[in-house]
Amino acid sequence: MADEEEAELSEKQKKEIAKWFLLNSPPGEIQFVAKDVKAVINDDVLYEEAASEAFPIYNKSHLISIEMPGRIGDVCTEVRPALDDELPSAYVEEFRCALDAEILKYVGEAYPKGVCSVYCGNGKDVEGPGFDFELVVVISAARHSPQNFCNGSWRSVWSIEFKDEIQMLELKGKLQVGAHYFEEGNVQLDAKHECKDTTIFQSSEDSAIAISNIIRQHETEYITSLEASYSNLPDTTFKDLRRKLPVTRTLFPWQNTLQFSLTRDITKELGIGK
Amino acid sequence: MEAAMGLMRRMPPKHTETSLSALLSLLPQHSSDLLSQVDQPLQVLCDMEYGKEFILCEYNRDADSYRSPWSNKYHPPLEDGSLPSLELRKLEVEANDIFAIYRDQYYEGGISSVYMWEDDNEGFVGCFLIKKDGSKTGQGRRGYLQEGAWDAIHVIEVGPEEEGTAHYRLTSTVMLSLTTDNESSGTFSLSGSIRRQMNMHLSTEEGHLCNMGRMIEEMESKLRNSLDQVYFGKTKEMLCTLRPPSEVVMRLPDS
Numbered sequence: 001m002a003d004e005e006e007a008e009l010s011e012k013q014k015k016e017i018a019k020w021f022l023l024n025s026p027p028g029e030i031q032f033v034a035k036d037v038k039a040v041i042n043d044d045v046l047y048e049e050a051a052s053e054a055f056p057i058y059n060k061s062h063l064i065s066i067e068m069p070g071r072i073g074d075v076c077t078e079v080r081p082a083l084d085d086e087l088p089s090a091y092v093e094e095f096r097c098a099l100d101a102e103i104l105k106y107v108g109e110a111y112p113k114g115v116c117s118v119y120c121g122n123g124k125d126v127e128g129p130g131f132d133f134e135l136v137v138v139i140s141a142a143r144h145s146p147q148n149f150c151n152g153s154w155r156s157v158w159s160i161e162f163k164d165e166i167q168m169l170e171l172k173g174k175l176q177v178g179a180h181y182f183e184e185g186n187v188q189l190d191a192k193h194e195c196k197d198t199t200i201f202q203s204s205e206d207s208a209i210a211i212s213n214i215i216r217q218h219e220t221e222y223i224t225s226l227e228a229s230y231s232n233l234p235d236t237t238f239k240d241l242r243r244k245l246p247v248t249r250t251l252f253p254w255q256n257t258l259q260f261s262l263t264r265d266i267t268k269e270l271g272i273g274k
Numbered sequence: 001m002e003a004a005m006g007l008m009r010r011m012p013p014k015h016t017e018t019s020l021s022a023l024l025s026l027l028p029q030h031s032s033d034l035l036s037q038v039d040q041p042l043q044v045l046c047d048m049e050y051g052k053e054f055i056l057c058e059y060n061r062d063a064d065s066y067r068s069p070w071s072n073k074y075h076p077p078l079e080d081g082s083l084p085s086l087e088l089r090k091l092e093v094e095a096n097d098i099f100a101i102y103r104d105q106y107y108e109g110g111i112s113s114v115y116m117w118e119d120d121n122e123g124f125v126g127c128f129l130i131k132k133d134g135s136k137t138g139q140g141r142r143g144y145l146q147e148g149a150w151d152a153i154h155v156i157e158v159g160p161e162e163e164g165t166a167h168y169r170l171t172s173t174v175m176l177s178l179t180t181d182n183e184s185s186g187t188f189s190l191s192g193s194i195r196r197q198m199n200m201h202l203s204t205e206e207g208h209l210c211n212m213g214r215m216i217e218e219m220e221s222k223l224r225n226s227l228d229q230v231y232f233g234k235t236k237e238m239l240c241t242l243r244p245p246s247e248v249v250m251r252l253p254d255s
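These protein sequence lines map, in sequence, to chains A and B. Heads up: the first sequence runs through residues 1 to 274, numbered per our numbering. Heads up: the second sequence runs through residues 1 to 255, numbered per our numbering.
Some hints could be false.
What the hints assert, rightly or not - Derived lysine-lysine pairs resembling DSSO-like cross-links, with alpha carbons at most 27 Å apart:
| hint | chain 1 | residue 1 | chain 2 | residue 2 |
| --- | --- | --- | --- | --- |
| 1 | A | 192 | B | 236 |
| 2 | B | 136 | A | 244 |
| 3 | B | 222 | A | 239 |
| 4 | A | 196 | A | 172 |
None of these hints come from the bench; they were simulated from the model. If you're wondering where the values come from, they're calculated on a predicted model, not measured in any experiment.
So that you can see chain B by itself, here it is in the shape it has in the complex:
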């Protein structure tokens, strides 16, 4: 299992799905560990009743069906599929509405889904998912990307309320890949995945949703920034140590 995780840390992030399915077939005895520890690109289904797409993950799965956050029904239909309590479902509906607006403002497109469920310590857990296809054939407004995918997974555990405060633990993963392709510079492809945690103790005066939302917003901005500045920057630094760009391009005499 340790070796399997080691491999996942080294294989190109854009091949995550292939790597994972290879490991699953080699280590079927570890399949549940692998599926819970390896983040993979998000899949999507359509809720026909609402004509809206929703994102699949371990948290809205029961047997081989997935619950839509829009209709609260399982696809394919499943009798006795587990559902959140009425009260939590109300929060889930609200979270989906608001998160969709948040998503639209930052992503200018994309798909989002929020799932909530009760946990064992009188608190609850929320999972906020965003998937965006930023390629020019997808929802890339500016049309720069031949291929561009962003998958964000935020799992936030909310502890029981005590004296008007609650503990929030957020674990976020972002997976992305982008490729530009043009005549003069060839194919340029960057892909990556990072995961971070954040813990906060907050007053619940403004409601859980407000607290969760702010934490996710802060975390997403941090992750985006470190991918852009630190992670991509490091690969650029590497490039420049391999073959430093010289200041002056030597021109050939006309021949």
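The following block holds chain A by itself, in its conformation from the complex:
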């Protein structure tokens, strides 16, 4: 039976399996997973194909940041200047730039090792009032400490739609946290949250301040709710899996077990109990 399966597993399937493993790597561990996948697949060509498809997806979804030239980056090998028509208009750039400054300030305060960027998502060619455009705030923080058997990452992506007609800003945030602890075991946290908010359309500086305040507020609230989830674990959530002590609140009376089974037999014989 095993031989049949082996014969049936096409190269394409093998590649898909390799990609699945790579994409499910915990934060900061794709290099280690890659080494094992390469050994298990035992086909360098196939592995390279899978890796070349999986790495970019993983890097983007984990918001891996690229170190810019001047420092040595190991992710990015080529950087080119953006072309003029790839950049947002001066009008949009004014909002983007103001927001970038505010978000940098916030991330610097709130994240010990955070990186952030603000991009124009839509409407980069809008030249002035009268049209909608969208900015995207990306925040990422990662910590890898294999010596402490722990890795983790925080990712948040906020899209801000500048609605010209109703003079409102609509914010949508996607927050995601992952952590892996692996000293003599394998335990992983995977948490996701989405939130929404609105504020009024103001000047570029005032909008930037309002947006970064909203983001700060939601992210702080989210951390607080995660902490609450943790503190609920021992007495509520975990209890539904296994209690700390039996319902009797004393250790199980193993020494009386013979009696137990005797009582059971009697109960059964007399037809009492359920």
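Based on these hints, arrange chain B on the given structure of chain A.
Below, chain B without anything else, positioned relative to chain A:
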């Protein structure tokens, strides 16, 4: 094989089944090693004769059938399926009865099965299994969990009796996953698996069952505690180093 085990240590525990079946299809030549070294979530069958469910594992399997601890019969039926000796079967029946009470007191539900067989050194081996679905659609009394699974596997090797004592070696694995989901905090999911060993030399005055039971109880409490305090605690610590919770939530001026 080493790389395969490396992958199992890194993949999310809630995807254990998928990871294992992927490895089995890539490495069919190692399938028996993989199946014996990788712990996977427990499966269940129903013993129709007793109307009770029992847990499947390598230790009650013969060919493609599994022996029920309730009727001592193989499902699907198997002629000449191996059975424990009469004496050991008696202990097995008793162990199943008592372990079911133990399980009910700690788990408030769930399924348990105990299997025993003779080993080659005049001793015997017992395998104690517990499976609990703690989700609110399952047997979660308090209804907090969207999804919640606990699988415990305890294999205990008992050496031959010498001068009223015996050596016990317990290897325990717990696999669990829990997910809560609500509007204000989104999806929060923790999953994990850990395995530990415990060796003890004990007097057999009170019987094997009593000794095995106490060791399992102690081990389960230790594992539960280290998952809760140490393992989950470490992921929380990580979270707080990534984005420390600030003391004061900045409020927006009403706009």
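Hints, verified against the model:
1. A:192 to B:236: Holds, because 15 Å separates the two Cα atoms, which is no more than 27 Å.
2. B:136 to A:244: 19 Å, holds
3. B:222 to A:239: 15 Å, holds
4. A:196 to A:172: 5 Å, holds
No hint from the list above goes unmet by this structure.
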